[in-house]
Amino acid sequence: DTEVTQTPKHLVMGMTNKKSLKCEQHMGHRAMYWYKQKAKKPPELMFVYSYEKLSINESVPSRFSPECPNSSLLNLHLHALQPEDSALYLCASSQEKSGGVGETQYFGPGTRLLVL
Amino acid sequence: GQSLEQPSEVTAVEGAIVQINCTYQTSGFYGLSWYQQHDGGAPTFLSYNALDGLEETGRFSSFLSRSDSYGYLLLQELQTKDSASYFCAVRGGGGYQKVTFGIGTKLQVIP
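Line by line, the protein sequences are chains V and Z.
What the first sequence shows, in the working numbering, is residues 1 to 116, in sequence order.
What the second sequence shows, in the working numbering, is residues 1 to 111, in sequence order.
All the pointers check out, no bait thrown in.
Each computed EDC-like pair below joins lysine to aspartate or glutamate, with the alpha-carbon atoms no more than 16 angstroms apart: (1) V/K41 <-> Z/E9; (2) V/K41 <-> Z/D39; (3) Z/K98 <-> V/E96; (4) V/K41 <-> Z/E5.
I should point out that these hints are in silico values taken from the structure, not numbers from a laboratory.
Given the sequences, and given the hints that come with them, work out the whole structure.
Shown next, in the form of structure tokens:
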């Protein structure tokens, strides 16, 4: 099973709402990532978790709050977002080791977020 | 920080060969990856080079020259289904887990 699942597929929220994005993988990967992708732009790294600990935060605003409850799950909690936060949010996972084996990142289908 | 450069668009005909180049600047370089993304889809992994040389996977090959901070993706026997965006991505510049994507090259394969 090389699948990363994300829910929901689409999300519309107001600037005062609180919502969460969920990501799940069962490949035994110990590195999990959140990316943000705007239309016709590359994915931008937001957060990386390694062995359930936050290892990279790319200076993401605090209205985005990641959480890794266990080795299979990754959440992104959203609060007080702005319209410019509308984007495709991608989750990915990989093995936690350097070298070719650990490099492959498996991406989920993404959550398409619209902030009104 | 990191910076990557790749062409924004490439057009080729079915059956042809196309090469997408990527130059990068980063400290603490670990390797260069290539991803394919169809419109409306998620990126899918194509290849990874950590050492100099050529890696071949079916119709796709990837090359890396660490001394030149340069790599390329070679797509052979192009098919219309290869029409997609292709991203090079660098690991490094803040640890192995840090991944930075290039702007992407939109490839159009004409029948």
